[in-house]
Amino acid sequence: MQQLIRLSLILIYLFLPRFASAQGLMNGFMKGDRKASLAVTYSQETFDTYYRGTTPFRDPNLGTVTTQAINLYGVYGLGYDLDLIVTAPYIRTEASAGYQPRQEGFQDVTAALRWEAFDYKLGKARLAWLFALGYTMPIQNYVNDNILALGQGSKNIDGRTMLHFKSGSFFVTGQFGYIRRGPVTLDRIVNVYDPSQVNPNSGMKVNVPDVTEAIIRTGFATKRVYVDVWGQQQTPYAVGTDIGPGIPFPTNAIGFRRVGGTLFLRLVGRLGLNFGYSTTLDGQNIGKSTRLNGGIIIGN
Amino acid sequence: MNNRIYAILGNLLILTGVVVGVTGCSKTIDESQPVAYLPTNLDETAGTWKTYVLTSPTDVTLAAPAAANSTTYQAELGDLKAQSKAPTTDQQQAVTYWGAGAVYRWNEIARELSARYNIPPASTADGKYPVPDAANPLADPRFPFANPPYTSRALAYLSVAQYDALVATWYYKKQYNRAAPSTVDTGIKPALPVAAMSSYPSEDAVVAMASYTVLKAMFPGEVSYLDAKLAEHQNSRLWAGMNVASDISAGANLGGQVAAKVMARARADGMSTSNNQSVTGGMIKDVQSRGLSEVWVSQESPARPPMLPNYGAVKTWNFDQATMVKIRPDAPPAIGSPEFTKALDELKTIQRTQTREQARVANYWADGVGSYTPPGHWHRTAANAAHDARYSEVRMARTLALVGTALMDAAVCCWDTKYYYYYPRPQQFGLKTSVGLPNFPAYTSGHSTFSGAAAIVLSGIFPDQADDFMAKANEASVSRMYGLIHYRFDCEVGMACGKKIGSYATARGKADGSGL
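Chains as they are written, first to last, in my numbering: chain A, 12 to 311; chain B, 40 to 555.
Hints in this document: simulated from the structure, not taken from any laboratory.
Predicted model only: the values in this text are computed from it and were never measured.
One or more of the hints may lead you astray.
Beta-carbon label-pair distances, calculated as ranges [what the hints assert, rightly or not]:
{"id": "1", "chain 1": "A", "residue 1": "Pro71", "chain 2": "B", "residue 2": "Gly330", "range": "30 to 36 Å"}
{"id": "2", "chain 1": "B", "residue 1": "Pro344", "chain 2": "A", "residue 2": "Arg63", "range": "21 to 27 Å"}
{"id": "3", "chain 1": "A", "residue 1": "Phe68", "chain 2": "B", "residue 2": "Pro344", "range": "20 to 26 Å"}
{"id": "4", "chain 1": "A", "residue 1": "Thr65", "chain 2": "B", "residue 2": "Asp172", "range": "27 to 33 Å"}
{"id": "5", "chain 1": "A", "residue 1": "Gln55", "chain 2": "B", "residue 2": "Ala139", "range": "51 to 57 Å"}
{"id": "6", "chain 1": "A", "residue 1": "Ile227", "chain 2": "B", "residue 2": "Ala139", "range": "50 to 56 Å"}
{"id": "7", "chain 1": "B", "residue 1": "Gln390", "chain 2": "A", "residue 2": "Asn152", "range": "17 to 23 Å"}
{"id": "8", "chain 1": "B", "residue 1": "Arg395", "chain 2": "A", "residue 2": "Leu274", "range": "35 to 41 Å"}
{"id": "9", "chain 1": "A", "residue 1": "Leu95", "chain 2": "B", "residue 2": "Thr128", "range": "48 to 54 Å"}
Partner residues are not named here, just some residues of chain A that face chain B (Cβ under 7 Å, in silico) [what the hints assert, rightly or not]:
{"id": "10", "residue": "Pro67"}
{"id": "11", "residue": "Arg69"}
{"id": "12", "residue": "Pro71"}
{"id": "13", "residue": "Asn72"}
{"id": "14", "residue": "Tyr110"}
{"id": "15", "residue": "Asp198"}
{"id": "16", "residue": "Asn218"}
{"id": "17", "residue": "Ile254"}
{"id": "18", "residue": "Pro256"}
All C-beta atoms in this analysis are idealised placements derived from N, C-alpha and C, irrespective of residue type, glycine included.
Please model the entire structure based on the sequences and the hints provided.
Next comes the structure, spelled out in structure tokens:
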């Protein structure tokens, strides 16, 4: 069990910029009572095609968009069945062509509780049923209404449930989540948008569509090595807009299907290295991005 | 085990409560909406005010209404009583919507159409930009591309048509002086405030048809949308118990006649050749002969032909072509001169140190692609000020016509200046921008010219708010430096010229017989 707990560090990639991927709030490995870990990771994500609605589009006045992020990620076991997770990324995003300036700064801070509600023994295997609740808010008032932006700027609540099956070193985790996104206030009065929402004389507040998220992840976890592959589908739940002239970016309905993999290697003592790769199969109002990341993890 | 399940269910319920509590259970965004009012002044003499296109209200004709005791009118009253007795929820919503003001709502509709059509054509695979075709407005690219000059013109003609039509309306109201239906028959319960003036012709029906006629020509792909708006506006007067059918048909007739005359001016104002790209060669040669070392070049990929290079030849409203040439600003600093370098360095500093507040100002005033542009922004400001002041329909239209013609004059003058000097944008010297890069020369700033003109006109009409309008104009002007697409001299010179342009509209307003 100990090694599993140690490996709970591997989830790092949440709440990224509007064109960056989110690999899901968390995995199914609990931290353990009074155990803690801290991860510092770097990621680089690029795309030269993005989806307007679901139609792929290449903009010669944008070129390739590259987003780099440094993410701090901490987990602390409040109890044997309850973890506190905190994360905060610093992001830089820029385009290779056109005249959009680079955007850079702290994005959103997230705090989440993960609760292992059930733990069944099935022979030598175990099945855990977990719930999690997270809250996200922008660290600063960054510009969110632009194709290059640090994030959507909304305050979110993320609720999800997970089934985590483990037998020997093999594991498989399925999870389903709902992300509720609060409204945001733009810098400008919206001139054209959904008529049910907007007063074209004064409306600066817009809705950000909620999303649902399903992730399946499977792999092998041993004391020194962890490897997984995963698939993620994010689906807009509420009505949203497509990227278009004058349309506020935060109102876009964002969805995607991504696949990826993770490798974790324990070096010495409490020090480990983490690598990840993911790519976008298809999407909606998001970049068709490919992402690489690596990081150092210290802790139990 | 069961206890554990109950505990989980209990916790889930709490979680649900937290989710709802923190983010709100509804995604409805509440905003205050404009409502109906009785005008503070009925402007009963407005039938004598000076019109723009009409030489006199009698340029258009209107037959006398049926007498109050005639069976025709009595039947209309009976019909109105039936129509207004029990409106449906949708009908009540239409009454409330249109009750906010006829001119007000049609201005808003025109702005929304401008925003929806403010989409630059996309490039084709061979790197060309197809030109929108008025004869085939819904093909790709849609017609029109409602850029700032186009929108300034659409809104100017709309406002002029509304104003001229309402002056004629007030003229005929006075002549025919038919009492409001609810005054004649107290069994009719009006849903909106009733002003103590003639209901024939219906000013709402006049504005509806005048606006419809102009907008149908300006946005030919939107005929069915406009048909629906026109019908709803007309019917809302019946559902509200405000006008009998002949008030409305007379209004439609009058509004249509005036708008036809206004559109005759529009068809001959030079707009049809405003996108004549063949003039740019001569313009570039001329400015080079005057000493400009580096001319404006499109920074888009592929390079896009400049926006409406011949718009400077379009007919103005409040002064003539000779005056326009006279008020054209002096030449900008030579490229590489100390003055130029200082201005460019200032932008480089802003790029390095831009604050969140500077970004907010740049974004607030960007009014770029997909917006109703700076002219629309100032129409909104004007319409809201006139609404807050509880202006009569005719005074509201006068306000918007004064502001609207000044804004179109500003567009013509500014475009003339831009192509006369053909001055490069800061982006040709390495600066970025997040507010959208306009595809035409820099000098002078359109935002500054528009804002200076509108703020001067509005300050004349609402003197107690002059400081606020000027502060807004200055913010709009400097926003283009915060957005890094204009040098300080573009903004300052544009603002000064805009104020001059606005003063011509103000002078017209002083002399239009309104005494305002």
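field: Hints the structure fails to honour
entry: 10, 11 and 17
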